[in-house]
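Can you build the whole structure from these sequences, using the hints too?
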Amino acid sequence: MATVKKWHYGMLFLLLGYTFIFGLLGEVPQLPILGQTIRGLYFHVPMWFGMVTLFFFSFLYAIFFLRTKKTFWDRKAYAFAQVGMLYGILGLLTGMLWAKFTWGKYWSGDPKQNSAAVCLLIYSAYFLLRFSFTSHIQLQAKMNSVYSILAFFMSILLLFILPRLTDSLHPGNGGNPGFNVYDLDGSLRWIFYPAIIGWIWWGIIMANMIHRYLNLKHQLLYTYEN
Amino acid sequence: MKINKYIYFFLYSLLLLHTTNVSSMNNHTSVVDDFFYQSGKIYVVITMLVIILLGCLIFMFFLDKKIRQLEKKIQQSYEKKTHH
Amino acid sequence: MHYFQQVKKLFLKDLSLEIKHFTALSSSLLYLFCIVFIHYLGIEIAEMSSNTGYWNVQFWLCMVLISIFIIPKYFYFSCKKRPLYYFSLVMPEIFWIAKVLYTTFILLLISFLTFLIFGILFFFPFNFFHLPYFFVVLLGGIFFFVLTFGLTSFLAFRSRHGYLMTAVLGIPLVLPVVALLFKTTLYLMHGIIHPQLIGLLMGSNVIIFFLSLLLFPYLWQQ
Numbered sequence: 001m002a003t004v005k006k007w008h009y010g011m012l013f014l015l016l017g018y019t020f021i022f023g024l025l026g027e028v029p030q031l032p033i034l035g036q037t038i039r040g041l042y043f044h045v046p047m048w049f050g051m052v053t054l055f056f057f058s059f060l061y062a063i064f065f066l067r068t069k070k071t072f073w074d075r076k077a078y079a080f081a082q083v084g085m086l087y088g089i090l091g092l093l094t095g096m097l098w099a100k101f102t103w104g105k106y107w108s109g110d111p112k113q114n115s116a117a118v119c120l121l122i123y124s125a126y127f128l129l130r131f132s133f134t135s136h137i138q139l140q141a142k143m144n145s146v147y148s149i150l151a152f153f154m155s156i157l158l159l160f161i162l163p164r165l166t167d168s169l170h171p172g173n174g175g176n177p178g179f180n181v182y183d184l185d186g187s188l189r190w191i192f193y194p195a196i197i198g199w200i201w202w203g204i205i206m207a208n209m210i211h212r213y214l215n216l217k218h219q220l221l222y223t224y225e226n
Numbered sequence: 001m002k003i004n005k006y007i008y009f010f011l012y013s014l015l016l017l018h019t020t021n022v023s024s025m026n027n028h029t030s031v032v033d034d035f036f037y038q039s040g041k042i043y044v045v046i047t048m049l050v051i052i053l054l055g056c057l058i059f060m061f062f063l064d065k066k067i068r069q070l071e072k073k074i075q076q077s078y079e080k081k082t083h084h
Numbered sequence: 001m002h003y004f005q006q007v008k009k010l011f012l013k014d015l016s017l018e019i020k021h022f023t024a025l026s027s028s029l030l031y032l033f034c035i036v037f038i039h040y041l042g043i044e045i046a047e048m049s050s051n052t053g054y055w056n057v058q059f060w061l062c063m064v065l066i067s068i069f070i071i072p073k074y075f076y077f078s079c080k081k082r083p084l085y086y087f088s089l090v091m092p093e094i095f096w097i098a099k100v101l102y103t104t105f106i107l108l109l110i111s112f113l114t115f116l117i118f119g120i121l122f123f124f125p126f127n128f129f130h131l132p133y134f135f136v137v138l139l140g141g142i143f144f145f146v147l148t149f150g151l152t153s154f155l156a157f158r159s160r161h162g163y164l165m166t167a168v169l170g171i172p173l174v175l176p177v178v179a180l181l182f183k184t185t186l187y188l189m190h191g192i193i194h195p196q197l198i199g200l201l202m203g204s205n206v207i208i209f210f211l212s213l214l215l216f217p218y219l220w221q222q
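Residue numbers (the numbering used here), protein chains in the order written: chain A, 1 to 226; chain B, 1 to 84; chain C, 1 to 222.
Everything labelled a hint here was simulated from the structure, so no lab data went into it.
From the three backbone atoms N, C-alpha and C, an ideal C-beta is built for every residue, glycine too.
Just so you know, not all the hints are guaranteed correct.
As the list claims (entries may be wrong) - Here are the computed lysine to aspartate or glutamate pairs in the DMTMM-like style, where the Cα-Cα straight-line distance is at most 25 Å:
#, chain 1, residue 1, chain 2, residue 2
1, A, K70, B, E79
2, A, K69, C, E93
3, A, K217, B, E71
4, B, K65, B, E79
5, A, K6, B, D64
6, A, K69, C, E44
7, A, K112, C, E44
8, A, K105, C, E93
9, A, K112, C, E18
10, A, K5, B, E71
11, A, K5, B, D64
12, A, K217, B, E79
13, A, K6, B, E71
14, A, K217, B, D64
To be verified - Just so you have them, the derived chain B footprint on chain A, three or more residues with Cβ under 8 Å:
#, segment
15, 35-41
16, 83-90
17, 144-156
18, 214-220
Dropping the structure here:
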């Protein structure tokens, strides 16, 4: 059973503490509308990287389930999808806040915003499917794995291909310069990459905790009761 | 009951943000907006940090509580089984 | 007074059941949100050019609603008893391909009819040169709808809520492609053939086709 070791937490505190302190106090390029909100790069963007990575793990474990037919993997896939969903919601909320004070509106119909919302809708359908089975565990796991694979491919299409075809207010799309243009001396990068690693790290820790919870529940239902 | 909290949270947050959007549409004269626009909008970043940290910490707190309850339950049922 | 009491009791019983089984309510909420979102995406496109934009959006919304209504008829209700018989005869992939091709054929006829009715009631927005391209886009869209709703009706068949889940699971998956279709058709109406968009549509069709071939055997097994 996956348990969280002490050095996992130590690593987490080190990485995220570094990004919080230097993200808030470090030097950033001065730009007209963005102002200090360019620091949102360290807090908003890692959420999306984390979400995609966690959904990818969920997709991998769904494939593992279909290969081995052990519900252990299905529970793991569910745990990773849950944390991915949490990151998606937090990313959407922070993104809306950032949009309000730079673009002027919480929701301006930007293609990336729309596709992120659709991605969350797809995964909410996944959770719904999960809870519309009650009795047959093997069948439930099979159906969920199939839907999870479909959902992952659709969200890849959504998040990586569709927004590139149309004009977006986000940096790096449709004629807008990306953040790497502002990052002349590479100082943003030195905080941005550790932030991504740190948030993915935390996501994996949380997912393993959920997995442990689900395994205990399964144990309780299928070994002690019978 | 359990999955739906994600969906409801998502829908509710959209609804809530829309209502606040209407009340402060064009000219930002409200106290909240003045607060966010001062000193290069640094408070926007701080609010973002608070949102993501709180979100993850609350999630972890409730998860931990649930795991502890479940472990207690398993212990009890195990003891019952060995006792008989 | 007696009848009133009975009505009240039944009403309260339904309410308590609804609260007890939250999934039914939340699945309809998700469906509602997806439908609103499709309309929101459509209105965004329609605002770009008033007359043709609205034609395009209305046409595709019509097609989505028609396919939600029709496709489960060919998939969901066909997986009740007969599959056990087919299962002994052919490979699941063969059964799937045949089923998909037949449903696409039926839906293509229906969509031509829809196109004609739209043209008679409103107007025909394409010139002679761009009409074949529109039919290619139409075929791509319909093929995608059939594959997705077909897979989700097999998923829904096993779940507790049954028929209702087909649309709930299918619509979020279809949403991005509907947005793509809106955009592609709008470009075609203004005489621009956008090869990137059409290529992306075809690419997503190919991906979902091979994915469904890989995944269908898992849905089939008892």
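Taking the hints in turn, this is what the structure says about them:
1. A:K70 to B:E79: This hinted pair is violated, its Cα atoms lying about 28 Å apart.
2. A:K69 to C:E93: The given pair, whose Cα atoms are some 21 Å apart, holds under the 25 Å limit.
3. A:K217 to B:E71: Given that 25 Å is the threshold and the Cα spacing comes to 9 Å, the pair holds.
4. B:K65 to B:E79: holds, 21 Å
5. A:K6 to B:D64: Status holds; Cα separation ~16 Å.
6. A:K69 to C:E44: Violated, at about 45 Å.
7. A:K112 to C:E44: holds, 14 Å
8. A:K105 to C:E93: At roughly 49 Å apart (the allowed maximum being 25 Å), E93 (chain C) and K105 (chain A) break the hint.
9. A:K112 to C:E18: Not OK: K112 (chain A) and E18 (chain C) at ~35 Å, beyond 25 Å, violated.
10. A:K5 to B:E71: holds, 18 Å
11. A:K5 to B:D64: Holds. K5 (chain A) to D64 (chain B) sits at ~15 Å (cutoff 25 Å).
12. A:K217 to B:E79: Answer holds: K217 (chain A) to E79 (chain B) is near 17 Å, not above 25 Å.
13. A:K6 to B:E71: Holds: K6 (chain A) and E71 (chain B) sit about 20 Å apart, inside 25 Å.
14. A:K217 to B:D64: holds, 14 Å
15. 35-41: holds (count 5)
16. 83-90: With 4 residues close enough to chain B, the hint holds.
17. 144-156: Check failed, 0 qualifying residues.
18. 214-220: Since three or more residues must qualify, the claim that chain B covers the segment 214-220 of chain A holds, with 4 doing so at under 8 Å.
Comparing the model with each earlier hint shows violations of hints 1, 6, 8, 9, 17; every other hint is respected.
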